[in-house]
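Protein chains: 4
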Amino acid sequence: MTLNFALIGAGRIGKVHAQAVMTAIPEARIVSVADNDLPAAQSLAQTYGIPVFTHNHLEAIQQADVNAVIIASSTDTHAPFIIDAARAGRHIFCEKPIAAQLSTIDTALAAVDQAGVKLQIGFNRRFDPSFARIKQAIEGGEIGIPHLLHIISRDPGPPPVAYIRVSGGIFFDMTIHDFDMARFLFGDVEEIYAAGGVLVDPAIGEAGDIDTALITLKFANGAIGTIDNSRKAIYGYDQRVEVFGSRGSASNTNLYPDAVTISDGATVRRASLPLNFFLERYQESYRAELQAFVRAVVEDAPVPVTGQDGRVPVVMAMAAKQSYLHNRPVRLSEI
Amino acid sequence: MTLNFALIGAGRIGKVHAQAVMTAIPEARIVSVADNDLPAAQSLAQTYGIPVFTHNHLEAIQQADVNAVIIASSTDTHAPFIIDAARAGRHIFCEKPIAAQLSTIDTALAAVDQAGVKLQIGFNRRFDPSFARIKQAIEGGEIGIPHLLHIISRDPGPPPVAYIRVSGGIFFDMTIHDFDMARFLFGDVEEIYAAGGVLVDPAIGEAGDIDTALITLKFANGAIGTIDNSRKAIYGYDQRVEVFGSRGSASNTNLYPDAVTISDGATVRRASLPLNFFLERYQESYRAELQAFVRAVVEDAPVPVTGQDGRVPVVMAMAAKQSYLHNRPVRLSEI
Amino acid sequence: MTLNFALIGAGRIGKVHAQAVMTAIPEARIVSVADNDLPAAQSLAQTYGIPVFTHNHLEAIQQADVNAVIIASSTDTHAPFIIDAARAGRHIFCEKPIAAQLSTIDTALAAVDQAGVKLQIGFNRRFDPSFARIKQAIEGGEIGIPHLLHIISRDPGPPPVAYIRVSGGIFFDMTIHDFDMARFLFGDVEEIYAAGGVLVDPAIGEAGDIDTALITLKFANGAIGTIDNSRKAIYGYDQRVEVFGSRGSASNTNLYPDAVTISDGATVRRASLPLNFFLERYQESYRAELQAFVRAVVEDAPVPVTGQDGRVPVVMAMAAKQSYLHNRPVRLSEI
Amino acid sequence: MTLNFALIGAGRIGKVHAQAVMTAIPEARIVSVADNDLPAAQSLAQTYGIPVFTHNHLEAIQQADVNAVIIASSTDTHAPFIIDAARAGRHIFCEKPIAAQLSTIDTALAAVDQAGVKLQIGFNRRFDPSFARIKQAIEGGEIGIPHLLHIISRDPGPPPVAYIRVSGGIFFDMTIHDFDMARFLFGDVEEIYAAGGVLVDPAIGEAGDIDTALITLKFANGAIGTIDNSRKAIYGYDQRVEVFGSRGSASNTNLYPDAVTISDGATVRRASLPLNFFLERYQESYRAELQAFVRAVVEDAPVPVTGQDGRVPVVMAMAAKQSYLHNRPVRLSEI
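Protein chains in written order, with this note's numbering: chain F, 198 to 532; chain S, 198 to 532; chain X, 198 to 532; chain H, 198 to 532.
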């Protein structure tokens with residue numbers, strides 16, 4: 198069986214998914230692409246020989262040979278497009294977050310359930326080789342019973358303040374990935390305490406957000422953990438995890454464009470800074486998440502990141518925001 | 198000038214200080230040693246050719262040629278011995294903590310003030326070459342304005358439960374060092390939130406303590422930080438710090454008995470585990486803190502770790518305990 | 198301009214090149230593929246939608262729209278196919294080595310010269326990001342004047358003895374890459390001394406070859422260096438270089454499938470062994486060398502690895518073999 | 198039993214040994230010290246409370262309570278002082294090399310044999326924790342059968358040319374340590390090929406020496422190895438070994454004054470350069486070699502570095518010099 202995708206969204210992340218499908222997944226291809234910006238859809242169609250391009254997402258979804266849809270359009274369209282795809286009987290791979298409102302998410306998930314199609318959410322970091330190896334260390338008992346978790350997740354620089362203003366805030370825009378990583382590694386969280394501040398750029402504070410956060414997580418299994426977020430690590434994208442348990446620990450380092458060290462009269466140093474941002478750093482994970490989705494559809498197996506996995510981090514972001522605003526621990530059950 | 202020390206306490210840490218003075222500080226020596234356990238005092242006296250040994254700490258302090266006292270006896274004696282030494286006009290190097298009660302600490306510090314002698318508290322980790330280098334990186338502007346701090350401080354194994362029962366709890370017994378390290382690196386703390394649990398050994402819980410803690414610190418300068426404590430890291434003593442700021446970060450790795458890596462068909466691995474515990478790990482720091490004290494006395498300069506530096510971590514431990522018990526952030530000003 | 202390739206050879210390395218062209222070089226494509234084994238050619242043609250497949254290399258080369266040829270067939274065909282492609286006026290990318298005999302190489306290079314086409318030899322390691330970064334460190338003056346070079350190049354396991362018997366020996370089959378790397382980094386070599394032995398498998402010795410070698414190189418610029426070869430590194434493919442000069446040194450580590458370290462009660466270790474062999478280890482370099490070739494053709498610029506660069510390592514292998522057989526240093530001018 | 202040492206030589210290395218004995222070996226002490234430069238002997242005597250100081254080495258050796266002698270005087274005195282100490286019935290710890298002439302060495306060793314005293318040669322690097330761990334990896338079978346060895350041994354800067362002129366040349370002055378390390382790790386060497394040049398400073402060439410060397414060693418067990426020497430590594434003292442065998446490899450990194458990494462907008466780097474030279478780098482080994490000697494004497498056990506171990510590296514240096522001068526491999530049996 199070949200899986201035929203409709204791709205909705207021909208922007209940056211849409212292109213990443215198109216390349217993954219067309220060059221790394223022999224058993225899948227993209228047969229239609231839709232984007233409000235028709236020339237963008239057309240350009241992508243030409244690059245990969247995609248037969249149908251359109252500005253109308255429904256047209257792309259409803260092509261007769263389409264089995265599944267990749268939703269890579271703007272966040273506010275995720276939920277309605279999920280519903281459209283589900284109603285058309287297409288399996289769905291959707292970028293995170295599903296929506297900012299829990300009620301919207303729930304409506305979309307209900308449509309998926311009703312249609313009986315598969316839905317996978319694009320938490321790609323789970324498929325990064327290092328984080329997948331850490332997960333495997335936990336599951337394989339290499340660290341014993343989980344006790345402590347640290348996630349360090351710092352961007353190389355903040356997005357434009359105009360974007361921050363509409364982003365929903367750092368917990369929804371940035372920490373959402375780390376909330377998912379925490380659940381991926383240590384399971385469900387019961388309580389969150391968020392500290393933070395405006396240390397990178399006062400304009401971010403004026404836009405109503407913070408740019409630096411330290412979040413304490415209490416897990417259902419008794420373990421505890423922290424997430425460290427900064428909008429600006431001057432040395433580049435900083436993406437590290439450490440898990441610690443009764444029998445050991447596992448942690449990763451950042452990735453570099455080369456494996457070279459230079460020593461001279463002044464310093465002993467890496468020859469290059471870490472990979473600068475997510476498209477380079479997580480390159481392999483974008484391929485792997487779609488490969489996993491295709492496998493789940495082809496083999497009719499459960500998807501590795503469910504709609505529920507897409508919903509819970511939104512709840513966690515809400516709890517973190519409450520915690521920060523009121524400076525007290527907030528239980529997820531309060532949300 | 199040669200500085201003549203009286204050493205009070207001939208136990209484990211007393212021996213460490215004796216060796217430091219007698220082998221690494223040419224301008225100082227120990228001229229009297231006191232211990233309740235007279236044979237212990239006698240044995241140490243013989244090893245280093247110390248002329249006077251006694252079970253009576255006052256006798257050791259009051260020897261005519263004594264300029265300064267090292268207090269390395271049990272914690273409950275620190276404050277009274279400080280007072281005795283101050284009244285005798287001796288400069289004082291005292292192990293931490295000064296006392297468990299703030300009022301007791303304050304009485305001792307008042308006696309020191311009145312006598313006009315110098316008092317240095319034994320927060321040796323400040324003198325570890327790696328932590329000193331990180332401090333230098335901060336002070337030298339290498340990381341810019343401080344934003345985030347992480348201290349990981351895990352013991353290789355818990356002390357006997359009998360000890361834990363009288364230790365005052367993990368915040369007073371173990372985190373106290375990390376509270377000092379936090380202040381050393383980022384300055385004063387205003388608010389503390391402590392999460393924790395009994396994950397290592399239920400007997401520790403039965404003794405009324407916890408064995409795992411994650412503490413959030415809010416600094417006066419706006420930075421935020423965490424302390425991670427575990428009573429048991431199976432791979433050995435884990436002592437790491439990461440500081441992050443507007444212009445960069447600095448962090449240290451653990452220390453190992455050799456610098457060897459072995460690769461075989463199964464793994465690429467360090468040839469040895471990290472240095473197992475504090476006497477090996479912090480060996481250099483014990484020498485360096487006494488060298489600094491001797492220098493301060495000889496040059497009549499300020500000591501690098503003051504009585505106040507000994508008092509504040511006790512306040513922080515009190516705040517952490519309150520925070521843990523009530524599951525809310527606690528300001529130091531509440532204590 | 199789009200560059201249209203004929204691909205000769207649909208085996209392992211042919212597939213690597215096909216994937217590189219079809220997925221990573223938008224300005225190039227493969228329009229014909231030839232292989233003695235017609236089903237292999239057909240299968241590759243189907244995977245990438247290549248319109249022409251054939252068992253006849255001339256047919257593939259002579260397709261009207263073909264601009265350039267990739268020669269990835271067996272070594273003995275390299276020289277005749279270079280001649281055929283040159284006569285057809287096609288630019289040529291050819292796997293190493295050109296041939297085992299210098300006279301054969303010279304005939305092929307003469308045909309290329311006469312035809313005025315470009316010829317690039319597939320010394321892919323030059324395009325590895327780490328080795329390219331080391332080259333850049335040398336050229337940028339980061340290490341000053343070159344003094345010393347070390348190349349460690351160990352395979353994860355020996356090829357079948359049947360292959361070794363016809364391979365021309367370790368210097369031609371394995372060290373050839375390292376001879377090129379030495380020239381790439383430090384320039385021309387004047388004299389070679391080769392020590393070696395049969396330490397991995399006596400059957401290799403019975404086949405008339407050695408499996409372990411240490412080669413000393415004296416460079417024209419006065420620098421000296423070594424190449425370390427073993428047919429079997431039990432921990433995996435070991436590919437490292439260290440360059441040392443008047444102002445510093447540069448070196449690389451091996452590459453790993455993840456960036457994870459695991460610590461437990463027994464060891465602190467990498468979570469995985471190094472990438473096992475050349476297809477994984479040098480993945481990026483295969484893309485990059487073809488990108489460079491396409492750029493050279495499209496921009497009519499010099500190719501980065503010339504026919505002469507293909508010839509000299511064969512001379513070096515001959516000198517090394519002489520040196521090993523007679524246990525004396527051999528000058529390249531003797532060959 | 199307490200071992201009473203006479204120390205001959207109160208210069209740099211004599212002081213290192215004095216400190217080791219007086220502060221780290223409770224069962225030994227120095228009871229007399231001799232130096233041509235009487236004030237130097239007096240000063241050392243005062244520092245450590247050594248009762249006898251003299252300009253006459255015989256007087257120091259012949260003190261009635263002396264059991265053993267440390268010879269740390271200039272190289273030309275080693276052999277005659279060994280003979281004097283042996284005739285006085287003292288056990289002997291002697292700095293390397295014993296002498297520059299084999300006949301002189303043999304006379305001294307004969308005197309030792311005749312007197313039936315113990316003689317240990319000061320090849321301290323064997324006692325470095327990292328090299329000792331590598332040796333243990335070999336002996337414990339962690340790397341299997343030895344195949345390949347690399348020793349990198351580069352000084353931070355050359356000695357004065359006046360010294361080089363009388364030093365006997367790089368192979369005798371510098372490589373001698375590495376020849377011993379090679380034997381320590383892989384056993385006896387049968388043949389040596391030495392390449393080298395004047396790359397650091399032309400003045401060294403004018404003084405009749407070279408400053409850069411690459412030496413190939415063929416071991417009796419079939420393994421092969423290299424030694425890399427440079428008189429000047431701009432980043433500091435570079436002391437590394439890699440051993441490779443049928444079941445794995447072991448290697449060490451350089452040592453640093455701290456374990457800190459700093460990341461900023463320009464580089465990710467070690468916070469400090471490697472330990473600069475041998476007194477810092479090999480500090481622990483100086484203590485350990487004397488501890489081993491004292492143990493051998495007290496327990497009447499074999500010494501770990503024998504007179505023969507002192508002789509063979511001189512033969513190796515001679516072979517290396519012949520090899521370099523005639524540009525051909527030289528067997529040790531030729532010397």
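For the record, the hints were derived by calculation from the structure and aren't laboratory data.
All residues carry an ideal CB built from backbone N, CA and C; glycine is no exception.
One should not assume that every hint holds.
Unchecked claim - Here are some chain F residues the structure puts well away from chain S; computed CB gaps all over 10 Å:
{"no.": "1", "residue": "Asp425"}
{"no.": "2", "residue": "Asn524"}
{"no.": "3", "residue": "Ser530"}
What the hints assert, rightly or not - Among the chain S residues that face chain F by a calculated CB cut under 7 Å, a handful are:
{"no.": "4", "residue": "Ala308"}
{"no.": "5", "residue": "Ala312"}
{"no.": "6", "residue": "His344"}
{"no.": "7", "residue": "Tyr390"}
{"no.": "8", "residue": "Ala417"}
{"no.": "9", "residue": "Ile431"}
{"no.": "10", "residue": "Gly445"}
{"no.": "11", "residue": "Ser448"}
{"no.": "12", "residue": "Pro454"}
{"no.": "13", "residue": "Leu522"}
{"no.": "14", "residue": "Asn524"}
{"no.": "15", "residue": "Arg525"}
{"no.": "16", "residue": "Arg528"}
Status of the hints after comparison with the structure:
Not every Cβ of chain S is farther than 10 Å from the Cβ of Asp425(F); the closest lies at roughly 6 Å, contradicting the non-interface assignment. Separation of Asn524(F) from chain S is inadequate, the least Cβ-Cβ distance of about 6 Å not exceeding the 10 Å criterion. No beta-carbon of chain S comes within 10 Å of the beta-carbon of Ser530(F); the shortest separation is about 15 Å. Given the 7 Å rule on beta carbons, the hint for Ala308(S) is violated: about 39 Å separates it from the nearest Cβ of chain F.
Given the 7 Å rule on beta carbons, the hint for Ala312(S) is violated: about 42 Å separates it from the nearest Cβ of chain F. Against a cut-off of 7 Å between C-beta atoms, the interface hint on His344(S) holds, since the closest Cβ of chain F lies about 5 Å away. A distance limit of 7 Å between C-beta atoms decides the matter here; for Tyr390(S) the minimum to chain F is near 6 Å, and the interface restraint holds. Given hint, Ala417(S) at the interface with chain F, is violated; its Cβ is 12 Å from that chain's nearest Cβ, farther than 7 Å.
Hint status for Ile431(S) relative to chain F: holds, with the closest Cβ pair at about 6 Å, below 7 Å. Residue-level restraint check for Gly445(S) holds (minimum Cβ-Cβ distance to chain F is 6 Å; threshold 7 Å). The beta carbon of Ser448(S) comes no nearer than 10 Å to any beta carbon in chain F, farther than 7 Å, and the hint placing it at the interface is violated. Taking 7 Å as the C-beta cut-off, the interface hint given for Pro454(S) is violated, the closest approach to chain F being about 19 Å.
Nearest Cβ of chain F to the Cβ of Leu522(S): about 13 Å, over the 7 Å cut. The hint is violated. Interface restraint check: Asn524(S) against chain F, minimum CB-CB distance 6 Å, threshold 7 Å, status holds. Proximity of Arg525(S) to chain F holds as hinted, the smallest CB-CB distance being about 6 Å (cut-off 7 Å). Look at Arg528(S): its Cβ only gets to about 10 Å from chain F, farther than 7 Å, so that hint breaks.
In terms of the numbered hints stated before, the structure departs from hints 1, 2, 4, 5, 8, 11, 12, 13, 16, listed from lowest to highest.
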